[in-house]
Amino acid sequence: MLQKKICMLGGFAVGKTSLVRRFVHSIFSENYLTTVGVKIDKKSVAFPDKTVDLILWDLAGEDDIGSFRVSYVRGATGLVLVVDGTRPATLAVALTLRERCEAEFGAMPCILLFNKSDLTDRWAISEGEIDELKQRGWQIYLTSALSGEHVDDAFRQLASMVAK
Amino acid sequence: MSSLPEEVRSWIYDFFSNERFAAYLKIDARQCIEAKGGKLDFYGLSSLRIGEPVAEQLEFMEGLLPCPELPFHMPMMELPGGHVADLHFFGEGDSVWLLFLDATPERDHQQRLQQKAYEMTLLQERERQLNAKLQSTNEALRESQEGLSREFRRAESLLLNILPASIAERLKADEQIADSHAEVSVLFADIVGFTERARSVGATTTLAILNYFFRAADLLSEQHGCEKIKTIGDCVMAVAGLPVARSDHAQALANYALELREAARRERFAGEPLSLRIGIHSGPIVAGVIGKRRFVYDLWGDTVNLAARIQKAAEPDEIRISDATHELLGPDFACDPLGETELRGTGRVRMWRLRG
Numbered sequence: 016m017l018q019k020k021i022c023m024l025g026g027f028a029v030g031k032t033s034l035v036r037r038f039v040h041s042i043f044s045e046n047y048l049t050t051v052g053v054k055i056d057k058k059s060v061a062f063p064d065k066t067v068d069l070i071l072w073d074l075a076g077e078d079d080i081g082s083f084r085v086s087y088v089r090g091a092t093g094l095v096l097v098v099d100g101t102r103p104a105t106l107a108v109a110l111t112l113r114e115r116c117e118a119e120f121g122a123m124p125c126i127l128l129f130n131k132s133d134l135t136d137r138w139a140i141s142e143g144e145i146d147e148l149k150q151r152g153w154q155i156y157l158t159s160a161l162s163g164e165h166v167d168d169a170f171r172q173l174a175s176m177v178a179k
Numbered sequence: 116m117s118s119l120p121e122e123v124r125s126w127i128y129d130f131f132s133n134e135r136f137a138a139y140l141k142i143d144a145r146q147c148i149e150a151k152g153g154k155l156d157f158y159g160l161s162s163l164r165i166g167e168p169v170a171e172q173l174e175f176m177e178g179l180l181p182c183p184e185l186p187f188h189m190p191m192m193e194l195p196g197g198h199v200a201d202l203h204f205f206g207e208g209d210s211v212w213l214l215f216l217d218a219t220p221e222r223d224h225q226q227r228l229q230q231k232a233y234e235m236t237l238l239q240e241r242e243r244q245l246n247a248k249l250q251s252t253n254e255a256l257r258e259s260q261e262g263l264s265r266e267f268r269r270a271e272s273l274l275l276n277i278l279p280a281s282i283a284e285r286l287k288a289d290e291q292i293a294d295s296h297a298e299v300s301v302l303f304a305d306i307v308g309f310t311e312r313a314r315s316v317g318a319t320t321t322l323a324i325l326n327y328f329f330r331a332a333d334l335l336s337e338q339h340g341c342e343k344i345k346t347i348g349d350c351v352m353a354v355a356g357l358p359v360a361r362s363d364h365a366q367a368l369a370n371y372a373l374e375l376r377e378a379a380r381r382e383r384f385a386g387e388p389l390s391l392r393i394g395i396h397s398g399p400i401v402a403g404v405i406g407k408r409r410f411v412y413d414l415w416g417d418t419v420n421l422a423a424r425i426q427k428a429a430e431p432d433e434i435r436i437s438d439a440t441h442e443l444l445g446p447d448f449a450c451d452p453l454g455e456t457e458l459r460g461t462g463r464v465r466m467w468r469l470r471g
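Top to bottom, those sequences are chains L and W. With this note's numbering applied, the first sequence corresponds to residues 16 to 179, in that order. With this note's numbering applied, the second sequence corresponds to residues 116 to 471, in that order.
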């Protein structure tokens, strides 16, 4: 059985729980319910040669990065960094959280999601910024937990990265 | 300090275990469940099988063992049954003890507080964003308003250049304008030998001369309370007694004519002083605006036609006036009689030369 622990990381209210709910249960709710502590979900991703069970750790979002409990990430083989595309400051939060994890547990496969792509009139991340991150080697997806756009693609990509 | 009696310690243990729904697993070195106990059914975990790998039965255990730092604490893990547990890992030889303590009320309480705090923060962030957007929208609005009122002022000043101010006001109020004026004086003035001289000096110089002449006509009309109505080629048409009636319209226009002639003489055109032919007549006219998009304020009537004919009959540098105008001027102006002259379409007309 191929089972991999994946951690969802990012600032508060960027959509980590909504992305997991969309990916695992195909549902979305407009209501914001903050996560305290951690909740775990599982989803199998099938490839022609194997099936990977992703154990998704939906961690509490962070307001103050200092309060982040890096111990939750122990045993993780991949990270999903989530940014709210309408709140530019959440990019720095996601990148800092990843640095904290890698300092503790070493480098691991990682994808970067710019979420809430449906909110086009409030979108605050420029294409130039995204291109620059791509050039620095980031695997980037513009996702919408509301519409489901690119959500499966993103998780599938990470599954193939951690299954290698 | 002496320790508590065994009975008390046991009571505290029981109280705490009950209160926090304590449950535990013992996991062996192969990461299989070796033993289990406590209130596992509270967490929906009563079916865990002894002797089988823990990570296959408890997904959150994936990757956690072996754990190099024991004891290890992981707070507020929501379990599939919906209850929330604080997880504590303790080492004992090659084995690990995993203790579950209920943290559901604590998590729920913390969630309510956190929810309020984050919602507040989100609202503040959103308010800041909206304010910034509002500000930039306002800025843009103000700029386009300024542009618009600049355009409006420009249009208004253009309108005032073509029309008397009171007429422009009425036109803006969408009034139809056709007014009869019983008593006005009408003047025509053109440049002597304009066509030939224009040919000899070229377009640029000619334009400069026309500009000088028309500007003088404009300036003097302001000074004398007359209105320059229009220019036709090198000819200026002006009126006094419009749009506000005045009894001294003939005098005003006579003074205007005298100064216009002086102003012309100060300028040279093709080597010679600029000289004018001026004609004035007084009487009733109709004044109005014709056209809708390219409106023109103009005068109509026999008085206008006769004034034009008198002007055409005038000698160079002469200000020729009709008998009617002469009567109105009275004794303050020096005039020479010219006798009766035949004018085209009018018949014989008595005219005067205004000297000063």
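Hints are computed from structural coordinates only; laboratory data are not their basis. Just so you know, not all the hints are guaranteed correct.
Claimed, not checked - Derived contacts from chain L toward chain W, CB cut-off under 7 Å, selection only:
1) 53
2) 54
3) 58
4) 90
C-beta: ideal position from N, C-alpha, C; glycine also.
Consistency of the hints with the structure:
Among the interface hints, the one on residue 53 of chain L holds; its C-beta lies about 5 Å from the nearest C-beta in chain W, closer than the 7 Å criterion. With a least beta-carbon distance of about 4 Å to chain W, the hint placing residue 54 of chain L at the interface is held under the 7 Å criterion. At about 11 Å, the closest approach between the beta carbon of residue 58 of chain L and any beta carbon in chain W exceeds 7 Å, and the interface hint on this residue is violated. At a threshold of 7 Å, the smallest CB-CB gap from residue 90 of chain L to chain W is about 2 Å, leaving the interface hint in force.
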